Amino acid sequence: MDDFWFEFVEITQSIGDGFLFGSTYALIGIGFTLIFGAMGKLNVAYAATAMAGAYSSLAIYILFDASLVIIFIVSAICAAILGYLVYLACFRFIPVHNHLAALMASVGGLFFIDEVIVHATRGSPLNFPSMFSEAYFEVGPYGIRGDLLFVFFIGLISTGVLLYVLFRTRLGLATRAVAQQDVAARLCGMGIHSTNSTTFAVAGLLGGIAGAMTAAAVGILSPVMMLPLTIKGLIVTVIGGLGSIPGAIIAGLFVGSFENVVMYFRGIDERDMYVVALLFIFLVFRPNGLFGKTITRD
Amino acid sequence: MDYYLNLINTIGIHTLLGLSAYILLLTGQLSLAQAGFFAVGAYTAAVLTVILGWAILPAIGLAMLITGLLAFLVGFPALRVRGLMLVVATLAFGEFVRMFFYNFRWRVIQDGVEVGPDGTMGFSEIRYFAEHGWTSWEVTSLIWVFVIMVMAIIWWADQTRSGAVLRAVGEDELAAGTVGIDVTVVKVAAMTAGGVIAGLAGSLYAHQITMLDHHAFTVLLATFAIAYPILGGVSNVFGTLVAVIFIQGLLVEGLRFLGDWRMLLFGALIIVVMNVKPRGLFDSQTLRWMKNVLRLRLSRRLS
Amino acid sequence: MLEVKSLSKNFGGVKAVWKLDLAVNAGDIFGVIGPNGSGKSTLVNLISGVFPATAGEIHFQGHSLSNLSPHARVKAGVARTFQNIRLFPGLTVWQNLWVARNSTEDTRAEGISYRWFRKSGPVKNEIDDMLEFSGLADKGDELASNLAFGEQRRLELARAAATKPRLLLLDEPAAGMNQEEVRDLDKRIRQLRQQGMTIILIEHVMELVMGITDRIAVLNFGSKIAEGEPAAIRENKSVQEAYLGQSEGS
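Protein chains in written order, with our numbering: chain L, 166 to 463; chain B, 16 to 318; chain W, 133 to 382.
Hints are computed from structural coordinates only; laboratory data are not their basis.
These figures come from a predicted structure and were not determined experimentally.
Hints are supplied without guarantee of correctness; some may be wrong.
Stated by the list, open to error - To spell it out: a stretch of chain W is covered by chain B in this simulated footprint if at least three of its residues, at any positions, have a beta carbon under 8 angstroms from a beta carbon of chain B; those stretches are:
#	segment
1	201–209
2	291–300
As the list claims (entries may be wrong) - One-sided and incomplete, this derived list gives chain L residues near chain B with beta-carbon spacing under 7 angstroms:
#	residue
3	P260
4	V272
5	T334
6	L338
7	I396
8	V441
9	L443
10	L444
Unchecked claim - Counterexamples of contact, computed for chain B against chain L with all Cβ distances above 10 angstroms:
#	residue
11	N21
12	R95
13	V103
14	F111
15	D126
16	V154
17	F261
18	L279
19	N290
All residues carry an ideal CB built from backbone N, CA and C; glycine is no exception.
Okay, chain L solo, but in the shape it has when bound (with noise of 0.2 angstroms):
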């Protein structure tokens, strides 16, 4: 009876941590999905803008011993600046309905930021400054780490911010004109690529956060995590249903705390096999994800 609470225990904390974790995974997944749902294309990339500007942080923080705050945004701004880059070098100048093209040039914009960054490092992981790692809150069997209850905070208030500026401010308010009939938004005199370009730096801002965020949260920074953080995302961003944020949160939560509790089963090596079998599994069953809006337009 003793082993089956501490196994019970062992696992409702897994998910827990998996949980606040996964807080991460939907800030990505929101990215993801801004964008898709702003041009109803995918920015391969993102993840790698989101994890070079925790670089650019880290590079801040050694060199000039930056505090916590200053590393959150300085990460926020040089993903939000490299957002912006790409699309200009992967979406600006392709043609509107050329998806498949934007979706190349996006991949290379993968490549490439990962090799500059596989230079600028020399391959090495790289130590980041935990936050709170000394905090640890237990709760009877419990025990809840700062450190990612720091980063589920931070979580909330990015996403708090973000839905206010969609829903409450006219930039909002033409980012989701432009996602729903962008000719007519043109025809009313909303620059479409001004727009896009400033959804981009918006989700490069938020993805500069996740960055910073799973860089705080895992203690190391590595070339090694960019392109499982892009499939996640994307797994994210699918299970959630292409376009919708509530969606990515969701999903992200709960792929934080599955991924989790696969992990104590099974172990690390085979841990990412499964994310991607629960892809499979959403895409048999609901193709539209949880909340997706289904693309009507030809």
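Dock chains B and W against chain L, hints included.
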């Protein structure tokens, strides 16, 4: 000499890989799963020759069959996802296969030595060609016989009604259905064919390179696979071949002196090409231009 | 030949088609007219299987068409054209017709090798005849995207006819045509009826509809407001109100 033969082998194998993506692209399915099928073909064929002692041709044959069956099964759920979602799904599939082989162990003792796939350590000692006295030229010939056969088959199919039906589905699925084409059959058939060819490519790869490591089957390979027909255009199979020669010959090998900076260049190149020629290097416009230029040159020669 | 019973289609809150009843006899040319948004195109999409109905039934030659995919309906003998031409732009004119030869008659007659691989003699002749019929005899190898607008319309019609349907749905085939083209279209539709096809003609161009149809149904807001012979429809007050408007244009 061996260096050049290796390059020629790589070009051949990558052409097969590109052709497997080409068929799918014709039907409008952008698949990043070909690297996954490639891996399945590679490991299957290698296991057959190394552990089960099969001869090379039957091993390739069975590997193609098994990969084709897997592709067939993948083809059905793939129908339910459109466009970008299919990209994500096939990307995930490829990664799943890679992670599967990362964890796959099947070790046996042969002549006192342990052989077989060893999980994270990869699968080395695939020495069929060496053990049976194949020369480098013979290996290259084998690869290219297959390449030429596959190119010929696809080219021929394109002249027939099958080719037109494939392309019709790729151009407008809805219209294709309303003129009586069974889109499901066409797309699944294309996925299966693509899987078989990728399996063939993988089988040849495993024996040519003599060792398999999961790092070879990443998204990068999947991207190469789809980049070839996108770059070369879907007008005909030669575009893919040219694209492979261009990327592998020029970039990967020709710029070897750039060392580690090649991948950087590759990423930048993709971005540039997609911006300048979003319909591929050999889209119908370029082909027409090339035909006109040739016509001009010829008429000048003759007059 | 075709019976539509209480057919309804909702898009979200919009009732595109609402409890529609129709009956078309074999060999007829049956017109469907109505103002924009009256559900005419939705009706064509429902009969050809592009999307499923919310309620109601469609019976063709005694069999129900529900749950049949578009290509299965073609096999059953129902074909359609598109209002905004949907040819295969990358294929040649010849190939556009070639891939459309999917009637059960052709599938059985040709056998696997001829169907999928070779341009056999009879197939070549049939397709050449169709090209002749559509005035496209010398354009066989031209890419569909390079055709002039009128030629594209003729190809769209020929491609639907290439499926050898019993019932042919024409979705505003005369849109954008000049008088001469409309007369040519009239001629070709009559020829198709002579070959044994029943035709449902959705149209706005009144001279075509009034001149060629045996019966007309008038739709407004997704329901039928009148049905009868062309002359009767012309005089019908509620039709005039809903559609022809105050200024008698036709």
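Against the structure, the hints come out as follows:
Figure legend: the segment 201–209 of chain W, annotated as covered by chain B; annotation consistent (5 residues with Cβ-Cβ distances under 8 angstroms, at least 3 required). Coverage of the segment 291–300 of chain W by chain B holds in this model, with 4 residues showing a Cβ closer than 8 angstroms to a Cβ of that chain against a need of three. A cut of 7 angstroms between beta carbons decides the hint on P260/L: the least distance to chain B is about 6 angstroms, and the hint holds. A cut of 7 angstroms between beta carbons decides the hint on V272/L: the least distance to chain B is about 5 angstroms, and the hint holds.
Below 7 angstroms, beta-carbon pairs count as interface contacts, and T334/L has none with chain B, the closest being about 28 angstroms; its hint is therefore violated. With its C-beta approaching chain B no nearer than about 26 angstroms, L338/L sits outside the 7 angstroms limit, and its interface hint is violated. For I396/L, the interface hint holds, since its Cβ comes within 7 angstroms of a Cβ in chain B; the closest pair sits about 6 angstroms apart. Interface restraint check: V441/L against chain B, minimum CB-CB distance 4 angstroms, threshold 7 angstroms, status holds.
A least Cβ separation of about 10 angstroms between L443/L and chain B goes past the 7 angstroms threshold, and the interface hint is therefore violated. Here the hint on L444/L is kept, as its CB sits about 5 angstroms from the closest CB of chain B, short of 7 angstroms. Even its closest Cβ contact with chain L, about 23 angstroms, leaves N21/B beyond 10 angstroms, as expected for a residue assigned away from the interface. The claim that R95/B lies off the interface is violated: its Cβ sits roughly 5 angstroms from the closest Cβ of chain L, which falls inside the 10 angstroms cut-off.
For V103/B, the non-interface assignment is contradicted: its Cβ lies about 5 angstroms from the closest Cβ of chain L, within the 10 angstroms cut-off. Once the 10 angstroms rule is applied to beta carbons, F111/B is inconsistent with being away from chain L; the minimum gap is 4 angstroms. Distance to chain L confirms D126/B as a non-interface residue, since its nearest Cβ pair spans about 31 angstroms, more than 10 angstroms. Every C-beta of chain L lies more than 10 angstroms from that of V154/B, the closest at about 30 angstroms, which supports listing it as non-interface.
Every Cβ of chain L is farther than 10 angstroms from the Cβ of F261/B; the closest lies at roughly 15 angstroms, confirming the non-interface assignment. Non-interface status of L279/B relative to chain L is broken: a Cβ of that chain comes within 10 angstroms, the nearest being about 4 angstroms off. With a least CB separation of 5 angstroms from chain L, N290/B falls inside the 10 angstroms interface cut-off, contrary to its annotation.
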